[in-house]
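J.: Same order as they appear, the protein sequences are chains H and X.
Quick note on my numbering: the first sequence kicks off at 1 and runs consecutively.
Quick note on my numbering: the second sequence kicks off at 1 and runs consecutively.
Worth double-checking, as some hints may not be accurate.
Computed beta-carbon distance windows for the label pairs [to be verified]:
# : chain 1 : residue 1 : chain 2 : residue 2 : range
1 : H       : Ser52     : X       : Thr13     : 40 to 46 Å
2 : X       : Thr71     : H       : Thr45     : 21 to 27 Å
3 : X       : Glu27     : H       : Lys42     : 17 to 23 Å
4 : X       : Met95     : H       : Pro8      : 26 to 32 Å
5 : H       : Lys107    : X       : Glu72     : 39 to 45 Å
6 : X       : Thr15     : H       : Asn22     : 38 to 44 Å
7 : H       : Tyr76     : X       : Ser83     : 37 to 43 Å
8 : H       : Ser12     : X       : Asp62     : 35 to 41 Å
9 : H       : Pro8      : X       : Thr82     : 30 to 36 Å
Derived from the structure by calculation, the hints contain no laboratory data.
Nothing here was measured: the structure is a model prediction, and the numbers come from that model.
Ideal Cβ positions, reconstructed from N, Cα and C, are used throughout, including at glycine.
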Amino acid sequence: KQEVTQIPAALSVPEGENLVLNCSFTDSAIYNLQWFRQDPGKGLTSLLLIQSSQREQTSGRLNASLDKSSGRSTLYIAASQPGDSATYLCAAGDDMRFGAGTRLTVKP
Amino acid sequence: DAGITQSPRHKVTETGTPVTLRCHQTENHRYMYWYRQDPGHGLRLIHYSYGVKDTDKGEVSDGYSVSRSKTEDFLLTLESATSSQTSVYFCAILMDSSYNEQFFGPGTRLTVL
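Take these sequences, add in the hints, and give me the full structure.
T.: As structure tokens, then:
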């Protein structure tokens, strides 16, 4: 059974800082890994999807990497802004197992 | 938003009553999913569908049933609601041509008293 862990559970940073969110998974035989953003009281917004054959994906200030051998993915956010404040979730594998998320606060 | 709507968006009901949540999509995607989200647990898969009348169980399917009689609608039913089913329920679809990328609906907040 795939288990997905996200550390830290919460993170607070000053505006402009670069930051990394972590996602670990136990079964490396995954088809893909997807990162989402969730604002309070809202649904999930897809940010990036990394296929198993890829090592990273980029979208604007976001970069997601995937290391299947170590069971890890990271989401790098460059030059963070208050609008980036949200909960970030990762989901791994064909059956889309989710981590509990990292709640990010970017302070002006 | 991949054309996904959920109804109702909010519902309060009493223990023991039946409840049906609806997920509607406008783009004829084959795969549809129901998740629940609870504090400390992230999202957990309840049931999913891979076509009309084709459904399967997820991680937390006990107490739930689903039906899909049309491509565009995926219904989640709680036959006899319990307080432990108080949660936020999300529907999702799988984009058929983008390497299994999922898109989510806005969610339904269900409270069982």
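J.: Output the indices of the hints that this structure fails to meet, ascending.
T.: none
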